[in-house]
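Student: Listed below are the residues making up each chain.
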Amino acid sequence: MINKRRFSSILSVSIVGLTLSASTFAQSGRDYVYVVGSSTVYPFATVVAERFGRGSEFKTPKIESTGSGGGLKLFCDGVGVDYPDIANSSRAIKESEISTCASNGVTGIVEVKIGYDGIVIANALQSDALDLSRRDIFMALAKMVPGEKAGELIENPFVTWADVNPDLPAIKIEVLGPPPTSGTRDAFVELAMEGGCSSVAWIKDLKKSDEDRYKAICHTVREDGAFVEAGENDNLIVQKLQANPHAFGIFGFSFLDQNRESVKGASIDGVAPTFDAISDGSYPVSRPLFFYAKKAHVDVIPGLRGYLREFTSERAWGEEGYLSDRGLIPLPEDERREVAANTLKLNTLPLTSQ
Amino acid sequence: MPNQMTSRARVEAGLSRRKRKEKIFRASGLLATAIGILFLGIFFSTLVAKGASAFVQTYLLLDVELTAETIAPGGELDLEYADFDGLVRTALRNNFPELSGRNDRRELNRLLSVGAGFQVRDLVVANPDLIGTTQEIWVPAASNVDMLMKGNIDATVDESLRNLSDRQIRWIDTLDQAGRVDLRLNKALFTNGDSREPELAGIRGAMMGSFFMLVVTIALAFPVGVAAAIYLEEFAPKNRWSDLVEVNINNLAAVPSIVFGLLGLAVFINWMGLPRSAPLVGGLVLALLTLPVIIIASRAAIKAVPPSIREAALGLGASKMQVVFHHVMPLAMPGMLTGAIIGMSRALGESAPLLMIGMIAFIVDVPGGFTDPATALPVQIYLWADSPERAFAERTSAAIIVLLAFLLLMNLAAVILRRRMERRW
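Listed in order, the protein sequences are those of chains A and B.
Quick note: the first sequence uses my numbering, first residue 1, plus one each step.
Quick note: the second sequence uses my numbering, first residue 1, plus one each step.
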């Protein structure tokens, strides 16, 4: 029996040993920048991280793709080497997140607006080009649409695009888009659908009187099969569009840019989704992208200051920088200069009242 | 006798029907197998057709002048200020003396990979004697050039529909005619970590991540799994409790893997404070995942050892402990190892639990230990499949081919092990 006891004690000692040694590892310092957040910012942040890693003596930052909300939650969990230095986000940080941050000791947050991302509605290249208004998009994709009388809502009856607007072709409405967990979906709903929704006078008035109902009307996408949730993989949507010439897909501008020989973007409110139109703000469905850095980590985590400088340099985010090759729409020059200066001075967001 | 006649007649009457039934059954079995093989064939052939081209990569041959003034002012190699990109660009421009404008140059420079300058730098660092000489160097081309050479960009469509301009395509043709463009073995795929430039991206980092994870998994799951199996089979009393444990183990083997990921996030990262994205945590989670598989396989192997061997040993005066370790375990070992290898190959192909513990990340540096941030092969495939750059599509397929090759090797090892070591009674 001695043998058996020895065997099991060796086993338990080795397990305990493994976990103990692991926890001591975790306490030690970190010599690389740790970034979390939005999957929309991920393709841009990774390019900057890689160039920074190659061109400097520091390690290449680690970038986790967690989604904007998940990233900011990790970011706000605390200060120290176990917590991320930067959170990427495809929307501005919310007041509630700032106060969560503050209650965990994360008080100095540097906001960096990095540029714009357009959201496009595209179809196969050989299909007809479409010129949609935001109102058309809302009418085609909302679950409930306004009826004949003011204040009346009916279940979306439209089957073809021509039902929505006689100028559009008589093909069945079939739109492939991202699921509700996606930041692209949030932005599409807020910018395109809400934009069309508020063109109806009585719904617009609701915004002041009954905001919840206003949002329910404007933000709810139909579930009868006309809008197909195609998963987070935008490449898959592009492939499906090539296979089905009547279908439309919703995805980020960078995917349109990389697949110009197979898909084309529909004009929205008469403006085609081009680099210049998104850049000057005339294309209506575009959103700013951000990242948030922890001031307390600068000069503690090696390379963090350098990463901030690289991201806000002209060769990265400028008009002809390498990020614009990847489909990031740069900020106007004045704004770039201002944001870069604020970033390098580590100007933090104002704290909200506790 | 009439009775016999009728039963025989009945048999004969039914015979053709029975034979027909058997034929149909056999044919449907064959059909099912054929359908299975057909789909496997389609899967493999599309994978190979898509992925094979990723194992080669377009390179440009340039006469790079390693001028001392640019890279080693004052005789010393100055890596911080040496403009290797500039050297490579000048070398490319020397092929097109007619170009002068800034825009022309920019357009021309886009034919080069970002990695071209780094390759020259590595060459010079490894061999400083080259400074001051002119060297013929094969440098990687940009991924769009690669796509053109592999026929994935159609040069005949309108210029606005592709990512290379008409002029760029003409330049590539000129270089090609001069013998300066070639598809060569894509070593970067196996020696580099992840990259956002498709032509520089490799699976080395992901392979090392998977390797470290599997080391942790096997080191933990095999001894624990075998110990549990031996205890349950040989020592545990057969009662309601051991039945309950058995049901639970079988049940655990069927729990979706994402649940183990959530468990890992809650216990190993949030409670024990282990680092995110570390192979250690991934290995721990995968160990939990493979434990039931190993226990079930090991128990089956122990059960297959004939009771006469145990009885003979006991009869000769061996203790229960000696029976187990001297006789049962050596005989059951091939079966246990097979179970372990099958468990490992399942762990290698697992991605869902790793998403929860931060292993879905962009990590360029190849991990060198158990707590370095790392990804795993299936996660790398997922990340590449989601990248907008066209050239990642073929690399995704190539990574899948490599993963499948590893899985095949492991399963083959399990089969060979069983053939070689198994004893039959």
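Calculated from the structure, these hints are not laboratory results.
Nothing here was measured: the structure is a model prediction, and the numbers come from that model.
Backbone N, C-alpha and C fix where the C-beta goes; we use that ideal spot for every residue, glycine too.
Where hints are given, some of them may not hold.
Facing chain A, a subset of chain B residues (Cβ under 10 Å, in silico) [said to hold, decoys possible]:
id, residue
1, 196
2, 312
3, 392
Student: Does each hint fit the structure? Answer for all of them.
Tutor: Structure-based check of all given hints:
no.: 1; hint: 196; verdict: 5 Å, holds
no.: 2; hint: 312; verdict: 21 Å, violated
no.: 3; hint: 392; verdict: 9 Å, holds
Of the hints listed earlier, the one the structure fails to meet is number 2.
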